[in-house]
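J.: Listed below, chain by chain, are the residues.
Number of protein chains: 4
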Amino acid sequence: MPTWNSRFKKSLDEKALKFSSSIDIDGKLYNEDIVGSIAHVKMLMKQKIISYAEGKKIISALESIRKEILSGKLKYDWRNEDIHSFIEEQITKKIGAIGKKLHTARSRNDQVALDERLYLKKEITTLIKTLIGLQKTLLKISSKHKSTIVPGYTHLQRAQPILFAHHLLAYISMLGRDVERLNDCLKRADKSPLGAAALSGTTLPIDRNYTAKLLGMKGIVENSLDAVSSRDIVIEFISTCAIIMVNLSRLAEELVLWSSQEFAFAQFDDSFATGSSLMPQKKNPDIAELVRGKTGRVYGTLIGILTVMKSLPLAYNRDMQEDKFHLTEAVNTTKDCLEIMAGLLKHTSFRKDRFEKELDGDLSLSTELVDYLVRKEIPFREAHNNVGKVVALAVSKKKKLNEILLADYKKISPKFEKNLYNFLTAKSSINNRLSDGSTSPKEVDKQLKFWMRKLS
Amino acid sequence: MPTWNSRFKKSLDEKALKFSSSIDIDGKLYNEDIVGSIAHVKMLMKQKIISYAEGKKIISALESIRKEILSGKLKYDWRNEDIHSFIEEQITKKIGAIGKKLHTARSRNDQVALDERLYLKKEITTLIKTLIGLQKTLLKISSKHKSTIVPGYTHLQRAQPILFAHHLLAYISMLGRDVERLNDCLKRADKSPLGAAALSGTTLPIDRNYTAKLLGMKGIVENSLDAVSSRDIVIEFISTCAIIMVNLSRLAEELVLWSSQEFAFAQFDDSFATGSSLMPQKKNPDIAELVRGKTGRVYGTLIGILTVMKSLPLAYNRDMQEDKFHLTEAVNTTKDCLEIMAGLLKHTSFRKDRFEKELDGDLSLSTELVDYLVRKEIPFREAHNNVGKVVALAVSKKKKLNEILLADYKKISPKFEKNLYNFLTAKSSINNRLSDGSTSPKEVDKQLKFWMRKLS
Amino acid sequence: MPTWNSRFKKSLDEKALKFSSSIDIDGKLYNEDIVGSIAHVKMLMKQKIISYAEGKKIISALESIRKEILSGKLKYDWRNEDIHSFIEEQITKKIGAIGKKLHTARSRNDQVALDERLYLKKEITTLIKTLIGLQKTLLKISSKHKSTIVPGYTHLQRAQPILFAHHLLAYISMLGRDVERLNDCLKRADKSPLGAAALSGTTLPIDRNYTAKLLGMKGIVENSLDAVSSRDIVIEFISTCAIIMVNLSRLAEELVLWSSQEFAFAQFDDSFATGSSLMPQKKNPDIAELVRGKTGRVYGTLIGILTVMKSLPLAYNRDMQEDKFHLTEAVNTTKDCLEIMAGLLKHTSFRKDRFEKELDGDLSLSTELVDYLVRKEIPFREAHNNVGKVVALAVSKKKKLNEILLADYKKISPKFEKNLYNFLTAKSSINNRLSDGSTSPKEVDKQLKFWMRKLS
Amino acid sequence: MPTWNSRFKKSLDEKALKFSSSIDIDGKLYNEDIVGSIAHVKMLMKQKIISYAEGKKIISALESIRKEILSGKLKYDWRNEDIHSFIEEQITKKIGAIGKKLHTARSRNDQVALDERLYLKKEITTLIKTLIGLQKTLLKISSKHKSTIVPGYTHLQRAQPILFAHHLLAYISMLGRDVERLNDCLKRADKSPLGAAALSGTTLPIDRNYTAKLLGMKGIVENSLDAVSSRDIVIEFISTCAIIMVNLSRLAEELVLWSSQEFAFAQFDDSFATGSSLMPQKKNPDIAELVRGKTGRVYGTLIGILTVMKSLPLAYNRDMQEDKFHLTEAVNTTKDCLEIMAGLLKHTSFRKDRFEKELDGDLSLSTELVDYLVRKEIPFREAHNNVGKVVALAVSKKKKLNEILLADYKKISPKFEKNLYNFLTAKSSINNRLSDGSTSPKEVDKQLKFWMRKLS
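The listed protein sequences correspond, in order, to chains A, B, C and D. Numbering-wise (our numbering), the first sequence opens with residue 106 and increments by one. Numbering-wise (our numbering), the second sequence opens with residue 106 and increments by one. Numbering-wise (our numbering), the third sequence opens with residue 106 and increments by one. Numbering-wise (our numbering), the fourth sequence opens with residue 106 and increments by one.
Keep in mind that a hint or two might mislead.
[To be verified] Below, a list of computed lysine-lysine pairs in the DSS-like style, where the Cα atoms sit at most 27 angstroms apart:
#1 D:K559 x A:K318
#2 C:K123 x C:K180
#3 C:K503 x C:K532
#4 C:K120 x D:K227
#5 C:K199 x B:K481
#6 C:K296 x B:K292
#7 A:K133 x B:K133
#8 D:K147 x D:K133
#9 D:K554 x A:K318
#10 D:K162 x D:K120
#11 C:K554 x C:K245
#12 B:K481 x B:K440
#13 D:K227 x A:K547
#14 B:K120 x A:K451
Keep in mind that the hints were calculated from the coordinates and are not lab data.
With the hints as extra help, turn the sequences into a complete structure.
T.: Set out below in structure tokens:
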């Protein structure tokens, strides 16, 4: 029988109960709910709103309920409506009338807001660890590939040779900003809404800051309406998950490309690839594809929560119950994808010798020739034009840049001299980079060291 | 051990298996999978690709597997990867080597596409029934409220009086188009992709049309790449669900408004409302709010599947496994919301006497005066202007339109005469409507009859 | 001065006017607005609500306004609020008081709903033509590549050889369903809401069906509230655009892949590719990338309109003004992308000789060997396993399938005989397909003929 | 003629150029582009990559181009492709060959990334100011309504009386977190990508930190691939805009409700409301509705940019050009909505006397009675039950709580005594709140003071 039932003459219709029951989702937050209740009771004791003896009994009941849920002894299903009502009922079963004091000076509105923030706090911390785990995996591979040369692409066209470590360091940097964003969100999430009661506060002499302190939170959400009505923290968090998925989907796409017969750069260990039910030769990059595909799930939760919250008048509305569906889905999908991506990368080998030779003299060294001319005082745009002509010649003759004769070079610009050929290896191109954050070995090394320090 | 395993030296890593397993979702399609397999086997028999005796054994094994799953005797979990592999494994367990012929001339790619289409077919049919159920409920209430007068709103401002039946008929019409859209989608969904095999068809002499016929489908998806690569049907279906949710969310919003103390028009039966854990007086429109909130879930699945499919090269990619998450979520949420909305409406009473008196002489009858003047040959825009002045007078004097003296009316326009007051009741306003589809009792009756015929 | 102004003592604040003005978007629908007004006036004349002489003057004014707008003589900006008010103002300027009769028995609510449906009707027709144009371009290329062999991919791994024509025919089929969807939507859109007036119909003796007939529409939107409140047609249309973009984004992705140095299959004409401001060698698939990127715009409009309509109570709300932003953006983007894709394809050459030789003996012929064994009565799953072992051998020896000795084959299965090598060319693999809709030359030819008939 | 043209034999097809031209959007960033170029040139001068004299000439050309664009003397259209090429062309027109040195050690890839970050920096700063402006407006109204009592709602049902100031302070708090989020985003945006060149850095001896310093930026985006490939900052920013719109849409919804005849609480000044083209009495909350509707636009841009970036391989891809469409749309819509909301609120009056009397003795004071019993040592849940019975009695007798006789109260619980009536006024309910952040006058005053200090 629901806790709010005394003015009602009938209980909720079974279909309506099933439809509105949230325990399949908020049931996973039972620990947060109990932790919050214990802090609440301790505060009620301190403030003498309930007696010390009463408080102790309630707390002990809460703790044994937690154990029973954890051990699987105590179970709930949709008939129990929500985890808050369920736990309150259990207490009363255990300790009788005293249990009815637990909800003093509290409403489900502030209670659920608290549970959600405690959950967020825990999950943000976990996500940050998982992100750092993936960064470390990438860093390890980067260290192994400090001299592996690959084509750097723009528009999926070979643009300029780069070190593979440099490529992976780009992802490490992106994920680093994801960590920052999560920390910023945590800062805002780590405040207690408890004590806002239904929406307007309470006439009982509670101490909101004390409860917050007991919960290890950095303060309270001041305005009581704000405390129970807002879900901006949840949206902010999910949008951060969406950004993480953007980054993962890009890496996943590259893994799919690299493992194709055409790119032939990455090879997955058998334990991280699958075959085909029909075609015996297949070795498919399923894990990467699924990470890419699961991006849709997280985008979906973001639109989901934004849709839920749009145009809701203050304060609490039942629509907001849906927030936990979107939140838990975003948390689980993002976490799983981060973890499996680290696992996949650990079980992927990259062919060090795949590209370097192919890139010597390749058209993707054209910029080297432009810079060559610029250093000889040819205005950049003119240099670009001259090298464009070299490229056209190479394409028409089906030759590499280092196969074109000096005489032909000189016809295009007299500034070309024999030493131009020195600039036409992939390695020289990389080694000659000078700018901060560039793909030169020195700069890549600097980045590697920076992240090793940062992630250790 | 996966079915595709012979070229692999290791089995899939446990984490990778868990991450990629789809049986939690496609397991719900076991019946579709078995139905599809039986038809496939019958065709293989007819084409003599397998012998009659073999075929009979496989079919009988499939049928007993179906019974065992249904009865709960046979269970599966994520370790079983997907329902297709699981069922094939079970057959081989039951009948040995012969079972290994089931997958002849088939791939998981066309199999999964078929299962999904069979599922869609079933669910579209159910959804249409559920939509019609809701239409009927609305129609019943409309019939009861053929003379209940309520304010028609635009911009949530009272605009013109209307019959409540007319208001509900608008929703019946909208839902009618939802039914049309589902039927249109069904037309496209009801085609068999089976026989496309992995992507290119097969060298075995199968008969695709025969299989389709056995399955009661209206033909085949011709091009084999299209058959395994496309999910436009799924997107079309989910977008139709999203439109249904738009319509439901609007009705839900109105129920929330109507049950507020301010509108005081609708009252929910205790069995379809909930109270507050803190505030004993509360009777909340939770069901309507949840329907409104669950709109977010369906919008989320739409963005989800659109995200999954964006930019995927042909043919099958593993990302597409995610389609069933979005599809089943959309199906279940939409179906539940349609059903519960019918239930809620059946348990809602609307106060016939709430508005009529209040609307007599109300400012929302201003258009009556405009039409009055227009009928007296005043150009519309001038009539509008004159009545605007009447309204300004009424507002400043805090009077109703029927409380303003004829003398004052005449000052604004000499065309006003005593009979103007006849037009200032809510009922006359409604009765005087002449146009097709208007809120006049005659037109409302016509609509009621139309839908009664149509829905019976 | 707005048309609704007489009860107001102040005009709209300039900032508020600028914010709420919609003429930058609905101004593009001036022709629809005038066409609708002319039909409305003709009906008012027929019904004697206005006199014949009055009607003629109004119509002639409307026609000259149309000419003036078209020629650029008459201009409007945000100060004119919306196109409806602007045109009404212009008429009154031209013909004085009579012009004030135009809006008789009409509201902006039904007027704007009509304009939008007329616009939709026009644009759906155009889009269908554009879709067919793209199908024809694809068909032309297919005809040229009836014997061009390319790898068919699943998971971006080479799966089985297919004809390039077959690949393109998959897209033709997908686009064919897009055409169907647009036609289905048109069926629902092609109904007139005019005469619903503000929301409840009118007391004036109008003839809604006559107006609809004049406009060439297939009937009226019956229920007057539905007529002014619903935008499901717009959502349905935009979701169809989103599906079109899914299909285009997939083709675009493939063009990007095919034009990479690794795939080296497609080459864009200089007139449909761009270079780099820095790297002289670059030839970028920008057009394909932009089509892919613009998918985001159309998805955005879909979420946009869904967000706008969620939870709006009946009838008209000003939020709905935003629908035209999303609608026109979806129309223009989709149309532009379809057109440019046809243009791009016309300026792309595909290398007929790129893959065939490479595919002879390739691992992607493994299914041929499975079918070979199946035809020799080996159960499919066992055959799959045997060929899996062949593949493992080939991989470890770095050999093609046709480079493995018969002796080695026989060690794996005694059923292998010398004629197996006949099945190991790309061409034989394709030629041996038997199933409907497969990639065999015969089936591809059938499809080509089907579409040639259909599209001519 | 495009800058990248020398290896191309044809210019870009006109349709392709029109389709790919971005100057309609990036043209608005001309100032950022010039500012960035000037800093780049100064750095090239300092590093002696170009001479002092050359640099001066280029800078002076850039400055005069800026003036000419600002004054409207210099115009561009889609034929100019993008603002970067256009400006470079103009320089060369002005100063000849020297102008061709501007692009030395730079690519459009890093240039466009810089322009966007400079734009973001400017717009974030503006948005923060606008947010604070709206907070101030809300604060001013709060100060005026420190003792205006309104019903606090949950589920749109009257829950407990609150001060209107308290209600508005909830919004001030929410907007406060929006400001925080923008500041966090700014921190990440305020770094220079310039010097990353195409993707890998440059062989010329540039000084990236010096350029950043000249631009007033807080450092550089270290990894050169990251610098040109990432748009997470843009997504983060747009998602913050989406959250702002959530908050605005909620306030807008409330304004629509409050201005309805049923709520009758808010009244808009004529200068911020509109009428109807048909119904002379209408005074519509259009501005609030449009703010609510424009939420769809910003949600759309969020999904738009997420869709664009999903699965893009590194580094730059042309799809990313679309980011500026979404970014500028989000910036403009959010800024306009914030501004107009402040304007609207300034022109809205709220009726101080609307609710207080109605709330005295109202059912929404039930919690007062629960707390009353709790203070008399009745366990909370029992107290809740007892008051539930009181409510049921009141509802059945159609009485207010203060109209029920003490005798009847006592029948339900003997703990009820005469002083219970003291707790049944709206004012006492509010005054008796004790908790931090509650709606008590003292707490509301504390919040008002906090924000006055903070916002001054």
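J.: Decide, hint by hint, whether the structure agrees.
T.: Each hint, compared with the structure:
1. D:K559 x A:K318: 25 angstroms, holds
2. C:K123 x C:K180: Status holds; Cα separation ~17 angstroms.
3. C:K503 x C:K532: 23 angstroms, holds
4. C:K120 x D:K227: Holds, at roughly 22 angstroms.
5. C:K199 x B:K481: 24 angstroms, holds
6. C:K296 x B:K292: 23 angstroms, holds
7. A:K133 x B:K133: Within the cut-off at roughly 23 angstroms; holds.
8. D:K147 x D:K133: Answer holds: D:K147 to D:K133 is near 24 angstroms, not above 27 angstroms.
9. D:K554 x A:K318: 25 angstroms, holds
10. D:K162 x D:K120: 36 angstroms, violated
11. C:K554 x C:K245: 12 angstroms, holds
12. B:K481 x B:K440: Distance of about 53 angstroms is beyond 27 angstroms: violated.
13. D:K227 x A:K547: 35 angstroms, violated
14. B:K120 x A:K451: 13 angstroms, holds
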